[in-house]
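K.L.:
Chain by chain, the residues run as shown.
Number of protein chains: 2
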Amino acid sequence: MKKYTIGLIRVLTIQDEELLNRHGKIIEKAFPELKVISRCIENQPKGIYDEKTEEEAKPKILRLVKEFESDGVDAIIISCAADPAVEEARKLVSIPVIGAGSAASALALAYGRKIGVLNLTEETPRVIKEILGKNLVAEDHPNEVTNTLDLMTDWGREEAIRAAKRLKEKGTEVIVLGCTGMSTIMIAPILEEEVGISVIDPVIAAGAVALHSLRRVEAWGDLNENKG
Amino acid sequence: MKKYTIGLIRVLTIQDEELLNRHGKIIEKAFPELKVISRCIENQPKGIYDEKTEEEAKPKILRLVKEFESDGVDAIIISCAADPAVEEARKLVSIPVIGAGSAASALALAYGRKIGVLNLTEETPRVIKEILGKNLVAEDHPNEVTNTLDLMTDWGREEAIRAAKRLKEKGTEVIVLGCTGMSTIMIAPILEEEVGISVIDPVIAAGAVALHSLRRVEAWGDLNENKG
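Residue numbers (the numbering used here), protein chains in the order written: chain A, 9 to 236; chain B, 9 to 236.
Since the hints were derived computationally from the structure, they do not count as laboratory data. Nothing here was measured: the structure is a model prediction, and the numbers come from that model. Glycine is no exception: its CB is placed at the ideal position from the N, C-alpha and C atoms. Treat each hint with caution, since some may be false.
What the hints assert, rightly or not - Which residues of chain B face chain A? A partial, calculated answer using Cβ under 10 angstroms:
#, residue
1, 40
2, 51
3, 53
4, 55
5, 103
6, 106
7, 181
8, 223
9, 227
10, 229
Said to hold, decoys possible - Now the stretches of chain B that chain A is said to cover, found in silico as 3 or more residues with beta-carbon under 8 angstroms:
#, stretch
11, 32 to 39
12, 117 to 130
13, 134 to 147
14, 183 to 197
15, 212 to 218
Hey, can you work out the whole structure from these sequences and the hints?
P.N.:
Right under this line is the structure:
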């Protein structure tokens with residue numbers, strides 16, 4: 009089976025190799041059809057946390073997008089639930105560009121029609137709100153958690169489970185994680201087991217969309233060959 | 009690589025084995041990870057074309073859903089863009105149930121935010137309208153085409169291309185095919201080549217979501233084993 013190469017962009021500066029590659033490893037586990045190369049933007053160790061830092065990050069993301077295209081990757085994932093620079097990148101290159109936020113919220117709609125978003129701290133990312141529209145029934149976040157490190161503690165995890173349960177009580181059928189930091193600590197299966205509804209991980213969702221974007225094109229070629 | 013078994017339900021009565029299996033073959037070509045078993049509902053050679061025939065089909069679809077679950081398939085696809093009985097089926101069984109209409113419209117949102125729907129003849133299916141919400145920017149259909157046989161003629165294909173071009177002129181960035189009959193005749197790649205924007209085939213989209221639904225669960229198990 010053919011392997012595809014995916015360029016994955018982390019929107020914060022990460023020195024640690026293992027951490028840099030974490031999202032890529034998660035995708036490769038779920039989709040062994042994909043080989044993921046990870047790169048990160050420079051000089052933003054705190055990543056994107058407001059409009060100013062998003063604007064600062066955009067040209068750096070777009071530079072990596074061009075770089076990945078020159079290197080010949082098959083598709084690009086921007087591994088952030090806010091989809092920073094995704095629309096701009098699509099205009100810049102001809103290969104598929106997938107945002108983790110749009111991928112997760114889009115895929116959630118294939119599983120149910122009452123979607124809840126579990127955020128880390130802040131607001132639900134705008135792209136997720138716009139994709140879900142009226143299908144967004146609830147938004148919540150773990151109390152007193154300020155970063156993913158908090159979520160790795162026992163109390164942080166308990167708060168996340170409580171927040172997910174609140175979403176379910178408000179009628180949520182499918183939960184979207186509103187931050188790829190929650191992918192890093194692999195909290196989706198824990199929440200799913202504790203709460204009993206599907207939890208869509210944005211990094212795995214991006215991998216699924218990447219595979220669809222490449223296979224959907226190849227499938228027809230094969231079928232037409234078989235006919236001829 | 010592990011193969012998953014998918015039960016696929018055609019919502020019209022088909023005697024011809026090759027035709028019955030066509031959607032399944034398309035999915036297997038795109039996703040060799042999936043083995044597809046196709047079954048169809050009985051006594052509805054014209055399928056679903058209004059509310060009455062949809063109500064008539066629902067209990068038959070649900071019977072096949074139960075049957076597939078007893079047979080031990082990993083997931084079920086209801087291969088119709090109107091998602092008939094999908095919500096009811098989800099309450100009935102514990103394996104993933106995927107509708108071609110919700111899968112296609114959901115996935116389209118992972119590629120762009122201005123979605124157009126190309127229908128065969130009728131209205132855009134309600135489930136597609138509800139998933140796309142404000143992201144639905146245009147709907148159209150080929151003039152004078154009344155069934156998929158028309159679409160296979162030269163004039164029918166020309167009309168389909170014209171309709172797709174009209175969608176693009178209205179600002180559509182991604183086209184969703186509003187009928188799985190258009191998958192049967194494999195028109196997506198033709199439209200994509202002629203019009204120059206992505207065309208989401210509902211049958212292939214359902215296959216992609218089916219694979220995501222199974223892999224997303226397995227991925228975590230593997231990762232946790234590696235940690236332990």
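K.L.:
Look at each hint and say if it fits the structure.
P.N.:
Cross-check of the supplied hints:
1. 40: holds (6 angstroms)
2. 51: This hint is violated: residue 51 of chain B lies away from chain A, its Cβ roughly 30 angstroms from the closest one there, beyond 10 angstroms.
3. 53: violated (25 angstroms)
4. 55: Check failed: Cβ of residue 55 of chain B comes no nearer than 22 angstroms to chain A, outside 10 angstroms.
5. 103: violated (12 angstroms)
6. 106: holds (7 angstroms)
7. 181: Result: holds, 9 angstroms to nearest chain A Cβ.
8. 223: With a closest approach of 5 angstroms, the residue 223 of chain B hint holds.
9. 227: holds (4 angstroms)
10. 229: holds (8 angstroms)
11. 32 to 39: Since 5 is at least three, the answer is holds.
12. 117 to 130: Three-residue rule met by the stretch 117 to 130 of chain B, so holds; n is 5.
13. 134 to 147: holds (count 5)
14. 183 to 197: Answer holds; 3 residues pass the 8 angstroms Cβ test.
15. 212 to 218: holds (count 4)
Comparing the model with each numbered hint stated earlier shows that hints 2, 3, 4, 5 do not hold.
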